[in-house]
Amino acid sequence: MRALASAIIDGHALLELIYVAAVAGVGFCVVYALGVIGITRSQERRRARRTGAAALYAGLALVALAACAWAVVTGVEIMATK
Amino acid sequence: MTGDILLVLVIATALGFDFTNGFHDTANVVATSISTRALSPRLAVALAAAMNFAGAFISLKVAATIGSGIVAAGAVTMQIVFAGLVGAIAWNVATWYFGLPSSSSHALIGGVVGAMLAAHGTAAVDFAGLVGKVVIPALISPLLAFLVAAAAIVLTYRLVARLRPGPAARGFRAGQVLSGGMLALAHGTNDAQKTMGVITLALIAHGSIDANHFSVPPWVVASAASAIALGTYAGGWRIIRTLGSRIIRMDAAQGFTAQSAGAAVVLAASHVGFPLSTTHVMAGGVMGAGAGKRISAVRWGVAGNMAIAWVLTLPAAAAAGAAVYGVTHIFGGGLLGPALITGAALAGALAGALRRGRAIDPRSVGARP
Chain A
1 MRALASAIID GHALLELIYV AAVAGVGFCV VYALGVIGIT RSQERRRARR TGAAALYAGL
61 ALVALAACAW AVVTGVEIMA TK
Chain B
1 MTGDILLVLV IATALGFDFT NGFHDTANVV ATSISTRALS PRLAVALAAA MNFAGAFISL
61 KVAATIGSGI VAAGAVTMQI VFAGLVGAIA WNVATWYFGL PSSSSHALIG GVVGAMLAAH
121 GTAAVDFAGL VGKVVIPALI SPLLAFLVAA AAIVLTYRLV ARLRPGPAAR GFRAGQVLSG
181 GMLALAHGTN DAQKTMGVIT LALIAHGSID ANHFSVPPWV VASAASAIAL GTYAGGWRII
241 RTLGSRIIRM DAAQGFTAQS AGAAVVLAAS HVGFPLSTTH VMAGGVMGAG AGKRISAVRW
301 GVAGNMAIAW VLTLPAAAAA GAAVYGVTHI FGGGLLGPAL ITGAALAGAL AGALRRGRAI
361 DPRSVGARP
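Residue numbers (our numbering), protein chains in the order written: chain A, 1 to 82; chain B, 1 to 369.
Only chain A is shown next, with the shape it has when bound in the complex (with noise of 0.2 Å):
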């Protein structure tokens, strides 16, 4: 029963897909939500005078959307060599 499963299925394959999806998955919409925070945030602290405060904010902004561009790019290439 074992053997005929293991036939069937690439388990090795599927393992891989769950923790590849789950971490990318999770981790795009996570860091997203800190481009956002990030940006939102900067606006909320310029429009206060608070310019370190918004720098840093912009920075994290800056690093989460660049992170962001790089799953995409990197997601095409996927797309490209599969």
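Some clues are possibly wrong.
[As the list claims (entries may be wrong)] Below 25 Å or equal to it, Euclidean Cα-Cα: the simulated SDA-like pairs (lysine to any residue) are:
(1) Lys133/B with Leu34/A
(2) Lys82/A with Ile341/B
(3) Lys133/B with Glu77/A
(4) Lys293/B with Val30/A
(5) Lys82/A with Val93/B
(6) Lys82/A with Ile58/B
(7) Lys82/A with Val216/B
(8) Lys82/A with Leu60/B
(9) Lys133/B with Tyr19/A
(10) Lys133/B with Leu62/A
(11) Lys82/A with Leu130/B
(12) Lys82/A with Lys133/B
(13) Lys133/B with Val31/A
(14) Lys82/A with Gly129/B
(15) Lys82/A with His213/B
(16) Lys82/A with Gly132/B
(17) Lys133/B with Arg46/A
(18) Lys82/A with Val272/B
(19) Lys82/A with Ala138/B
(20) Lys82/A with Ser215/B
(21) Lys82/A with Lys293/B
(22) Lys82/A with Phe57/B
(23) Lys293/B with Val20/A
(24) Lys82/A with Pro218/B
(25) Lys133/B with Leu14/A
(26) Lys82/A with Leu139/B
(27) Lys82/A with Val135/B
(28) Lys293/B with Val76/A
(29) Lys293/B with Ile18/A
(30) Lys82/A with Ile204/B
(31) Lys82/A with Ala128/B
(32) Lys82/A with Val134/B
(33) Lys133/B with Val76/A
(34) Lys82/A with Met1/B
(35) Lys293/B with Ala22/A
(36) Lys133/B with Ile18/A
(37) Lys82/A with Ala339/B
(38) Lys82/A with Gly69/B
(39) Lys133/B with Glu16/A
These are computed hints drawn from the structure, not numbers from a lab.
All figures in this text were calculated on a predicted structure; none of them were measured in a lab.
Start from chain A and add chain B according to the hints.
Then chain B, alone, in the frame of chain A:
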């Protein structure tokens, strides 16, 4: 001469299937963006169509492997390909009519398997391959997307809980344009290639292409890309309404996480070589994004109807494919059967277009339920 006309019929049917594939699967890409008003309905389908068109040119590797490991490729004839395509189109049109998102890829596989069974019996079908490549992924994909989207929305809500709703929603709507574009690109890459593979198989069966030097001709790539893009632009509004507003009533963060989780699962599957249906993934993602907020936010009755359609896709398309093959066989297995079926299908499509009931259009989809 008969072989040439049959080839033209098969290619036209393949492009017709490609059109219904785009038409049927538009919802996967645009439903959440339209529902959260990240994009207007027309702009959303235009963007999706452009990305599907572009995606079709990115890779041709799947086109070379269509049907491998499921049916005996050597036994495939043009009549079988034609019958499989008609079976898949019939199922796509039926599920579109009821507004049910179902997998076009599974419909195509089901149609071809049914025609193969009718033509050659069970020996020509690899049932273990069918379970491993179709049934198991169909069980895993919605569940995985559900869990990823649910986890993502819980964390996202926690992160942005103290932000003012307006700016946060604007940020997530912008993200939806990005994630929707990725999903459309991935869809074009995956699904247009299936039609390219089918047309190339027909060209090999006809003798126009040498089977030992398999390559997809550029005109096949361009025509498949155009057909899926046109289908996407036509927009299957009934399914868009189901996926965008009848499963959950979503906000911008939920729309973004559903799409991003869906895109991540589809691309992860491509990365590890595990075949998944975009439709199943996106439906799972939408449900997960709803359930992550509140379990009762998901209309489980609608989700149940979708699950029934998924279970029925393979056998129903197989039955249709087998029936079409049976009809072509009654007329001698040559050109007459496919020509009659094409004529009947065109007459049916015309009658359906003339007797349109209450139309579902971009305006009714864009409206909040």
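Each hint, compared with the structure:
| no. | hint | in the structure |
| --- | --- | --- |
| 1 | Lys133/B with Leu34/A | violated (37 Å) |
| 2 | Lys82/A with Ile341/B | violated (37 Å) |
| 3 | Lys133/B with Glu77/A | holds (24 Å) |
| 4 | Lys293/B with Val30/A | holds (16 Å) |
| 5 | Lys82/A with Val93/B | violated (30 Å) |
| 6 | Lys82/A with Ile58/B | holds (10 Å) |
| 7 | Lys82/A with Val216/B | holds (17 Å) |
| 8 | Lys82/A with Leu60/B | holds (9 Å) |
| 9 | Lys133/B with Tyr19/A | holds (19 Å) |
| 10 | Lys133/B with Leu62/A | violated (41 Å) |
| 11 | Lys82/A with Leu130/B | holds (21 Å) |
| 12 | Lys82/A with Lys133/B | holds (17 Å) |
| 13 | Lys133/B with Val31/A | violated (33 Å) |
| 14 | Lys82/A with Gly129/B | holds (20 Å) |
| 15 | Lys82/A with His213/B | holds (20 Å) |
| 16 | Lys82/A with Gly132/B | holds (19 Å) |
| 17 | Lys133/B with Arg46/A | violated (54 Å) |
| 18 | Lys82/A with Val272/B | holds (9 Å) |
| 19 | Lys82/A with Ala138/B | holds (20 Å) |
| 20 | Lys82/A with Ser215/B | holds (17 Å) |
| 21 | Lys82/A with Lys293/B | violated (35 Å) |
| 22 | Lys82/A with Phe57/B | holds (13 Å) |
| 23 | Lys293/B with Val20/A | holds (24 Å) |
| 24 | Lys82/A with Pro218/B | holds (20 Å) |
| 25 | Lys133/B with Leu14/A | holds (12 Å) |
| 26 | Lys82/A with Leu139/B | holds (23 Å) |
| 27 | Lys82/A with Val135/B | holds (22 Å) |
| 28 | Lys293/B with Val76/A | violated (30 Å) |
| 29 | Lys293/B with Ile18/A | holds (22 Å) |
| 30 | Lys82/A with Ile204/B | holds (24 Å) |
| 31 | Lys82/A with Ala128/B | holds (24 Å) |
| 32 | Lys82/A with Val134/B | holds (19 Å) |
| 33 | Lys133/B with Val76/A | holds (24 Å) |
| 34 | Lys82/A with Met1/B | violated (39 Å) |
| 35 | Lys293/B with Ala22/A | holds (18 Å) |
| 36 | Lys133/B with Ile18/A | holds (16 Å) |
| 37 | Lys82/A with Ala339/B | violated (37 Å) |
| 38 | Lys82/A with Gly69/B | holds (18 Å) |
| 39 | Lys133/B with Glu16/A | holds (16 Å) |
Taken one by one, the earlier hints fail for this structure at numbers 1, 2, 5, 10, 13, 17, 21, 28, 34 and 37, listed in ascending order.
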